[in-house]
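Participant: Listed here are the chains, written in short residue letters.
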Amino acid sequence: MGETLTIRLTVNGNEYDRSVEPRLLLSDFLRHDLHLTGTHVGCEHGVCGSCTVLVNGESVRSCLMFAVQADGAEISTVEGLATPADGSGIPHPEDADLHPIQAAFRESHGLQCGFCTPGILMTLVPFLEENPDPDEEQIREALSGHLCRCTGYQNIVKAVRLAAGRMRS
Amino acid sequence: MSHDTTFAAPPAEAPARPRQVGASPLRNEDRRLLTGEALFVDDVHLDGMLHAAFVRSDYAHGILKSVDLTAALEHPGVVAAYAAHDLGDYWEPGPLLVPPPPIEQLEFHAATQVPLARDRVRHVGEPIAVVVARSRYEAEDAAALIEVDIEPLEAVSDLEGGLRPDAPRIHDHLESNLAAHVIQRKGTWEEARESAHRVIKRRFWYDHGASAPMENRGIVADWDARSRELTVWDTTQAPIPIRNGLAAMLGLPQSEVRVIAPFIGGGFGPKIMMFYPEEVLLPWISMRLGRPVKWIEDRQESFFATTQERGQDHEAELAVDEEGLILGVRDEFLCDTGAYNPYGLTIAINTQCTLLGPYRVPHYHSEFRMVFTNKPIVTPVRGAGRQHGVFVMERLLDRAADELGIDRVEIRRRNYLTPEEFPHDHEIIYQDFRPLVYDSGNYAEAMDRAAEMIDYSGFESGVRAAARAEGRHVGLGIVSYVEGTGVGPYEGARVGIEPGGRINLVTGVGTQGQGHFTSFAQIVADQLGVGADEVEVVTGDTARFGWGTGTFASRGAVVAGNACHAAAVLVRKKVLTLASSVLGAAEEDLDLADGLVRVVGSGESVSLGDLAARANPLRGAVTPGTEPGLEATAYFGPERGVTASGVHAMILEVDPDTALIRILRYVVVHDCGRVINPMIVEGQIHGGVAHGIGNAFYEELVFDEGAQLLNASFMDYLLPTATDVPTIETDHVETPSPLNPLGVKGVGEAGAIPVGALFAQALEDALDIDGFEVREIPLSPNRLFELIRDAREEG
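Residue numbers (this note's numbering), protein chains in the order written: chain G, 1 to 169; chain B, 170 to 964.
This is chain G alone, in the form it adopts within the complex (with noise of 0.2 Å):
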């Protein structure tokens, strides 16, 4: 190993302090240092958005940024994004401690093999808090960001209409 920094950074409201080579992607860091092995890695140049995480509450491929660079950052991976909550509006009692999007997803048949759906997570928390009541165009907008080869949107798009109608109300 080389020339190793030390950075200090909270994910999922753990913090956390490793030293690091400077080279080492966020998305490695993540995975294999951290074990949070829920964000995923598909292409490593920045193009099909699976491993997409929330920086400092902004959407961000994590294969596109060294660890170094989130020294400080506050992050948030699929792992910390079912909080215990009230779980109001899903009808389903087994997945009242789901995030209303994660519950949305599952009721929508918005994910197949799954591999995809972590970053497409991670992209909508910041769309739907910034869009509450966005229309078709603006979702499958902000879905163009990500790669998924299994579902054909459509059902992901049938997703974020239901939990955005759910975190509204």
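Keep in mind that the hints were calculated from the coordinates and are not lab data.
We put the beta carbon where it would ideally sit given N, CA and C, even for glycine.
Misleading hints may appear alongside valid ones.
Label-pair restraints from in silico Cβ distances [stated by the list, open to error]:
(1) B:Asp885 to G:Gln69: 21 to 31 Å
(2) B:Met884 to G:Gly57: 21 to 31 Å
(3) G:Arg8 to B:Glu206: 19 to 29 Å
(4) B:Asp216 to G:Gly57: 34 to 44 Å
(5) G:Asp135 to B:Asp885: 39 to 49 Å
(6) B:Asp885 to G:Arg8: 35 to 45 Å
(7) B:Asp318 to G:Thr4: 30 to 40 Å
(8) G:Asp135 to B:Met884: 56 to 66 Å
(9) B:Gly669 to G:Pro91: 27 to 37 Å
(10) B:Met884 to G:Thr4: 24 to 34 Å
Which chain B residues face chain G? A few, computed with CB under 10 Å, are given here [stated by the list, open to error]:
(11) Asn385
(12) Thr680
(13) His860
(14) Ala891
With the C-beta cut set under 7 Å, the calculated list includes, among others, these residues of chain B facing chain G [to be verified]:
(15) Leu203
(16) Gly434
(17) Ala859
(18) Thr892
With chain G held as given, fit chain B onto it using these hints.
Facilitator: Here is chain B on its own, set in the frame of chain G:
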């Protein structure tokens, strides 16, 4: 415990209420996937795990003169590095995965892939050396230090050129680059041609693209010398054959090899290929080093190290009478098989058979040559050659309709096989080695529904007239297809009830997103009177179930699904027999619901869990011959494949000046027999159509004359995004298959199959330019622009 190894399909029992098959319960697997808990291969982390990186050929064809590992081995963090000569006796070409079916006078020449190139490289990306280090970063650093000396040779990049006598020869042990030559005939084509009112002749080019699952391939191998167990996590669609093959190669008993295909991030065909060089090498390396080793393919590697499907060059003729009835078809085609052909004839046979479509074709002459080229290996990708055949037939019918002045829906309707004509024998051999006999279908009904949904009769005066008034060009396409699905040989399943009432279902097929954890659970739930969410499903772990072949050819629901059904029927029988004695009631008077066996008309009941406990006593005596537990294993092997079918229709807008397109509507009417889970079936169709749209208009693997792939990234190889794929409207025709107890047919590939033919027809309809004909797929805005320009210049 029980091993009722019968291949006979048990009789379909009256299922308990409420019926789960036909409903759309939410998927059992989703929570794990949505929360990040699901295990994918790259998520496996083991103490002391090493990481591998490969050095691959930059040349499509060349003499491999030397490989120098010295600098790599000296690099910090490197534990080992290997080239072909380091493998000793372990170096061996891979097995021929699919031998040729019994077709008379066929010519077939096998040349299978090798673990690491030795003496020759035959395609870009062929592995030459592997480095193992403490981290992937260090392994890649070291790989860059390996010195490879290749003397380039002229590469074979096109099919006709590859067959010329002076073409560079790719495999020295063969006389030419011809991999196969196959003729299948039905009737006498010459007779059809001579009696024809018209003979339509065209040349077509159809290229398939990459499978591009979001998860690249990967393997973790862990040899534990003390427990004598090799555990391999593999992104494979076929864990059991991988286990069997690895055991044989490594000289281990099968019981010491466990292959796990955990959650797989999409497969679409290439993950059924075996054996990939990396699959052969990683377990061997782990055994040599005594440490776990991981290799995860990166996206660029996947563009040439993962198999692809590619081009076919067809010259085809259709003979019709005045009424547009098909008298015969002649088709001669070349099929690219890439540098090696472990998958045999499958793709070309699929093309040959699927071309016949839902139609009555009295005379057929089909002849193909498969050609070795210096491109990556060709194996099936979603559709597996079927779209090539559908394209040829549908295009010829469109031309016949034009020439005879017959409506395009009408010409199809006139030629459809009718429901009374099943089973229909096409008198040729299919990829499953059986005669191509369609089991069932109702093609006209699917066409009627699709035409109604897209408003075929009102299109001209409605959508088209309105668009014309605004100067916009819209067109309608409507095409048919069939898909031979659910082929053998067999799959198995084990169903068990635990004391406490948990219900387990284990099957050998791997799963890549198709919803097996739910649809298989539904099948079992119906027999045992529980909800689908109460059946815990395990797939793809050879330690849990060791018999089976894999997930391919749209066969999961058909073959594994019916095995699940058969095992559940056996367990239901055991439950009823035991409950009958416990409750003192006749079996006919018992009902299974809500996890209980009840005596109909009385309040008495016993739970499945209690019965399971009674079936496994700790003390006392049992009747001799009694098998413990409420468990059964069963297998299903279909007599032959079942034929799914459908009609796709769309309305497309095209700007003739920019050649940009917009899909305004997309309709699918599909027949996959009895539908197990409509939500999942529709999802499969959506994804298939999206894949087909990519194949038709966005995705193209661009090779130069040196067989170098020019667009090996997602920035250059364009997968359709959410703004490219429209909302897909679906409907189902259900003609249950008589060939399996559930009456199901496959659906996994269907959506992708007719899309190229549909695009071609809709574009011609929208543009209405004299001489504008689409004879090739994939298109792109650029290519469409050229075709429009050429037609206008010639016109």
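Participant: Tell me, which hint numbers fail for this structure?
Facilitator: 5 and 8
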